[in-house]
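J.: The primary structure of each chain is shown beneath.
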Amino acid sequence: MDQNQHDRLAQEAQYQSNPMMAPTILPTQTYGHSLSSSYPRLHPYDPQAMYQLRQEPLQQQLTNFWAKKRQEIEETTSFKTHSLPLARIKKIMKGEEGVRMVSAEASVVFAKACEMFMMELTIRASGSAEENQRKIIKKCDVASAISRTDVFDFLVDIVSGHNKIMEQQGFVGIPRIGTALTPTENVPYYQMPPHQSLVPGPPYGSSGMVVGMPVHYQNHPGLQTPTMGPTPNPQNSSRDSDS
Amino acid sequence: MAGVREQDQYMPIANVIRIMRRILPAHAKISDDAKETIQECVSEYISFITAEANERCQREQRKTVTAEDVLWAMEKLGFDNYAHPLSLYLHRYRESEGEPASVRRASSAMGINNNMVHPPYINSHGFGMFDFDPSSQGFYRDDHNAASGSGGFVAPFDPYANIKRDAL
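Those sequence lines, one after another, are chains A and B.
Here the first sequence stands for residues 1 to 243, numbered as in the numbering used here.
Here the second sequence stands for residues 244 to 411, numbered as in the numbering used here.
Each statement offered as a hint is correct.
Quick list of simulated restraints, FRET-style, between CB atoms:
{"#": "1", "chain 1": "B", "residue 1": "Pro255", "chain 2": "A", "residue 2": "Glu97", "range": "23 to 29 angstroms"}
{"#": "2", "chain 1": "B", "residue 1": "Gln304", "chain 2": "A", "residue 2": "Gln59", "range": "40 to 46 angstroms"}
{"#": "3", "chain 1": "B", "residue 1": "His270", "chain 2": "A", "residue 2": "Glu97", "range": "42 to 48 angstroms"}
It is worth saying that the hints were derived from the structure and are not from the lab.
Heads up, the beta-carbon is just placed ideally off N, CA and C, and yes, glycines get one too.
Make a model of the complete structure from these sequences and hints.
T.: Structure, rendered in C-alpha cells:
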C-alpha cells in the first residue's frame, strides 16, 4: 500500500509538472470569459483534446493498479477476512429477480471484485477532480468517470439521477453563467464535457471554497433505487468491447 | 436516514470509504455525495453481474449461482481485467479452504491439487479442481513471468462444461 501511495504521488508530481495542466497564469484571471480561446489551457471544452491529454497519466495509474492487484492476490495469505460483508453481498445478489441460491464462493469472488471496482472508479474520479484542480472528489467526478468508460454504461441511470440534483443546486447557488453549463451534464448517453465543476463562475479561486462543503439534501440514499436502474440485460449483454 | 431495509441494499459506508482511501493519496478528500454515489454504484454492479450470471445458470437449469457463473458474466460484460485476477483469487481461496496453513505454500509450489481435502460442508468445492488445476492452465508459469516483471499475468478462464453443481 505504501508503494501504491508512492506511485500515486509520483504520478501527481508528473501530472502537475505538465505546463498544459498547470498554467502559470491563475485561472481566476481568465476563467468565465465568454471567449474560451483567451483561456491559457488547451481547449478546455473540447472533449477530444482534453481526453487525449488525460489519457496518459490516468492509463498509467490504471495499469499500475491492475498490476498491483495481481500481485496482491498472489500474495494473499488469509482468505478468512474480506473487505466487504459476504452476507450483504449475498442479500443484494438474491434481490435480483429469478436468483434462487448463491454459492459461498460467489460471494467471496464478489467481495474481491467490488473492491477492485470501487478502486478503479475512485482512480478515475480522482483523475477528474485533478483536471478541475480540486483535491476533493465530488459526485460529478464519479459521474464523469462513468461517462468516459464504456463498461460502466450500466451506471448511467444512477449518476443521471444525481445530475438532476446537481441541476437543482445549480439554480440555487450557481451564478447565471454556471446555469448555461449545467444542461450538458444531463446528457446521459454521451460523453460529458471535461469540466464538471459545480462552481464555474468567477472568481474561480474563492468560489472553490464552496466545493468542500457537503450539501446534505443531496446525500439522501432513498432518492434512488439502484435495482430499478439497469437497462434491459439483452442490450448490455451484447456489448463485446471495452474502452 | 434510510430505513433498515434500504440500508441492506448497499455496502456499509465505512467499508466503502476504507477501500476508496486505500487507493488515494493521504491528502485527498472525498465528498459525502461521492461516497454515497460509489456506494450505490457497487450495489448496481453486483446486481448487473448477478443478473447475467443467473441467466446462464437458468439456461443450464441449475439453481445455484456459482463463482464460475460470476466470472463468466464479468468476461461477457467487458470486465475481463477483473475476471482474470479473480480466477487466480478463487483458485487460491479454494486451496486455503482445503489445506492447513503450514502445508499451503508447499502444495502450491509443487502444484499438488489432487490431494486437496474436500470439506464436507462445501459440496461444490470438488468441481473447482477441474476448473482451475494450475498444472493444466499454467498458473505457476505465469507466476514466474509476473515475478520477472514481464507482461501482465493473464489466467485463462475455462468455464466448466456440462458439469452440474450441487446446491449448497
